[in-house]
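Residues per chain, in single letters:
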Amino acid sequence: MANGSKQNANPAQQQYQALAKSKEPKRPLLLNCVRAFVTGGLICVLGQAIMEAMIHWFGYDKMKAGDPTVAILIFLSVILTSLGVYDKIAQWAGAGTAVPVTGFANSVCSAALEHRSEGLVLGVGGNMFKLAGSVIVFGTVAAFIIGIIRAIVGEGGGS
Amino acid sequence: MLKGQQSWLFQNRPVIRAASSVVGPEEGRGPLGADFDVVHDDLTIGQKSWEQAERALMEEAAKLAIQQAGLNESQIRFFVGGDLLDQIISSSFAARTLGIPYMGVFGACSTSMESLALAAQIVDAGGADYALAGTCSHNCTAEKQFRYPTEYGSQKPPTAQYTVTGAGAAVVARDGEGPVITAATIGRVVDMGIKDPFNMGAAMAPAAVDTLMAHFRDLGRSPGYYDLIVTGDLAAVGHDISLELLKKNGVPIEETTYSDCGLMIFDRSRQPVQAGASGCACSAVVAYGHILKRIRSGELNRVLVVATGALLSPLSYQQGESIPCIAHAVSIERGGNE
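Protein sequence lines, in the order shown, are assigned to chains A and B. Numbering follows my numbering, with no gaps: position 157 of the first sequence is 157. Numbering follows my numbering, with no gaps: position 72 of the second sequence is 72.
Heads up, a few of these hints could be off.
[Unchecked claim] Taking lysine-lysine and the PhoX-like style, the derived pairs with C-alpha atoms no more than 20 Å apart in a straight line are:
hint, chain 1, residue 1, chain 2, residue 2
1, A, Lys21, B, Lys247
2, A, Lys23, B, Lys195
3, B, Lys293, B, Lys63
4, A, Lys23, B, Lys247
5, B, Lys248, A, Lys21
6, B, Lys156, A, Lys23
7, B, Lys248, A, Lys23
8, B, Lys293, B, Lys248
9, A, Lys21, B, Lys156
10, B, Lys156, A, Lys88
11, B, Lys156, A, Lys26
12, B, Lys63, A, Lys21
13, A, Lys26, B, Lys195
[Claimed, not checked] With beta-carbon atoms standing in for the labels, derived distance ranges:
hint, chain 1, residue 1, chain 2, residue 2, range
14, B, Val189, A, Ala18, 41 to 47 Å
15, B, Arg188, A, Ala18, 44 to 50 Å
16, B, Asn12, A, Ala18, 58 to 64 Å
17, B, Lys247, A, Glu118, 33 to 39 Å
18, A, Gly84, B, Asp175, 46 to 52 Å
19, B, Leu315, A, Ile79, 29 to 35 Å
20, B, Glu244, A, Ile146, 47 to 53 Å
21, B, Ser74, A, Val85, 45 to 51 Å
22, B, Arg188, A, Val141, 33 to 39 Å
23, A, Gly84, B, Gly250, 17 to 23 Å
24, A, Gly84, B, Gly220, 48 to 54 Å
25, A, Arg116, B, Gly250, 52 to 58 Å
If you're looking for bench data, these hints aren't it; they were derived computationally from the structure. Everything numeric in this text was worked out from a predicted model, so none of it was measured. Just so you know, even glycine gets a beta-carbon here, dropped at the ideal spot from N, CA and C.
Using the sequences provided together with the hints, build the complete structure.
See below:
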């Protein structure tokens, strides 16, 4: 069974896996989508509101207003994570709290908190990107590939 | 004494002189909350790290059991214990504090009954007058080691289980009053190719059924011999599957009350535990806190506890391996003169 995929499972195992599958409660996909849409949407509305406030009251222009907005959202997410609330909201909201920048902040903050007991260097420093690391790596790889495609195909789109 | 292929019949009738159960806040809020000796309302147990908290639970449970037995640490010959953490540090570090000669065992969540069976075997064979069996788990150390950081916002599927925060310990004695350990069946490792670490119940159910059937075969008993048969931590999904498997194999499980510690300790309708409970402490605190009290009070006479364990590591499932599982059964009966 070292690398046993379903193909090379023996008949008894295949039979059992079919039984187990039939007894497995399904994730409520549609409900999860609705919840993710609502919470994800609300986080975006909040972000938009902060951005508008930055433009109208703090004198940022449209291009620069995104920076303080993201910083504030990250700050809020870190506060909620530290208070032990973010993971409870996330169990309800699913992708709604995972996809926005708040989810990224939560993954970094929760890992940093968790490994604080192993010290600042080996614990916090060495572990805070253990979940976010793959997002950064594959985000960079994807951006690199898209960049090459854009260079080959020509400017197009955008400004 | 060996009976059949993989069971022990304890002819000298070792007794559980005393047992203790120490739990965390969520377990205290559950339906069995009143049965536990100590309920902590702080998950950190006043410690600096989750690992220290788990260790503190083990030390507290061990000391409490020894004290309730009317003994002190120096009278306990051996401590048999284990837990879920890498290199079973909770038990080993607790053993350092206790200063009792120690054997560390690992059976994942089946450690509760593995340690009790071994302690009973040592006492029955004349290897000790008193032996201590114990195990512990902590929700946050298990999350940290096997899943994600505790505060990470990931949505758990309905098949996931909630690791119990707690510790249980039992003092097994050569004689005296208390529930008697009459037999034990040591399980073999069963792997039906389930790979989903968020569906441990489905992975462990075949191991529980394998050990149950071995127990009935080796001892010539049927389920009706027992007032209650409980599995360790199959929870809703695994319990359901195990019932189906028992039926398929012609085991008349309807003769007895058949339940699961992972379903008894929490009220799934009002506690955020998905399919139910898991962890070394799950079967330990239900057996030592709830079930032994029922046996002492005379509500139950014969109980079989089948603790189930999933023998995976974070490394093995990330490398795509399936989850090998095991179950150990211990038969506990009411003593003669109670």
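For each hint, the structure was consulted:
no., hint, in the structure
1, A:Lys21 <-> B:Lys247, "holds (18 Å)"
2, A:Lys23 <-> B:Lys195, "holds (15 Å)"
3, B:Lys293 <-> B:Lys63, "holds (19 Å)"
4, A:Lys23 <-> B:Lys247, "holds (15 Å)"
5, B:Lys248 <-> A:Lys21, "holds (17 Å)"
6, B:Lys156 <-> A:Lys23, "holds (17 Å)"
7, B:Lys248 <-> A:Lys23, "holds (15 Å)"
8, B:Lys293 <-> B:Lys248, "violated (33 Å)"
9, A:Lys21 <-> B:Lys156, "holds (17 Å)"
10, B:Lys156 <-> A:Lys88, "holds (11 Å)"
11, B:Lys156 <-> A:Lys26, "holds (12 Å)"
12, B:Lys63 <-> A:Lys21, "violated (44 Å)"
13, A:Lys26 <-> B:Lys195, "holds (17 Å)"
14, B:Val189 <-> A:Ala18: 41 to 47 Å, "violated (22 Å)"
15, B:Arg188 <-> A:Ala18: 44 to 50 Å, "violated (23 Å)"
16, B:Asn12 <-> A:Ala18: 58 to 64 Å, "violated (46 Å)"
17, B:Lys247 <-> A:Glu118: 33 to 39 Å, "violated (48 Å)"
18, A:Gly84 <-> B:Asp175: 46 to 52 Å, "holds (49 Å)"
19, B:Leu315 <-> A:Ile79: 29 to 35 Å, "holds (34 Å)"
20, B:Glu244 <-> A:Ile146: 47 to 53 Å, "holds (50 Å)"
21, B:Ser74 <-> A:Val85: 45 to 51 Å, "holds (47 Å)"
22, B:Arg188 <-> A:Val141: 33 to 39 Å, "violated (45 Å)"
23, A:Gly84 <-> B:Gly250: 17 to 23 Å, "violated (49 Å)"
24, A:Gly84 <-> B:Gly220: 48 to 54 Å, "holds (53 Å)"
25, A:Arg116 <-> B:Gly250: 52 to 58 Å, "holds (54 Å)"
In terms of the numbered hints stated before, the structure departs from hints 8, 12, 14, 15, 16, 17, 22, 23, listed from lowest to highest.
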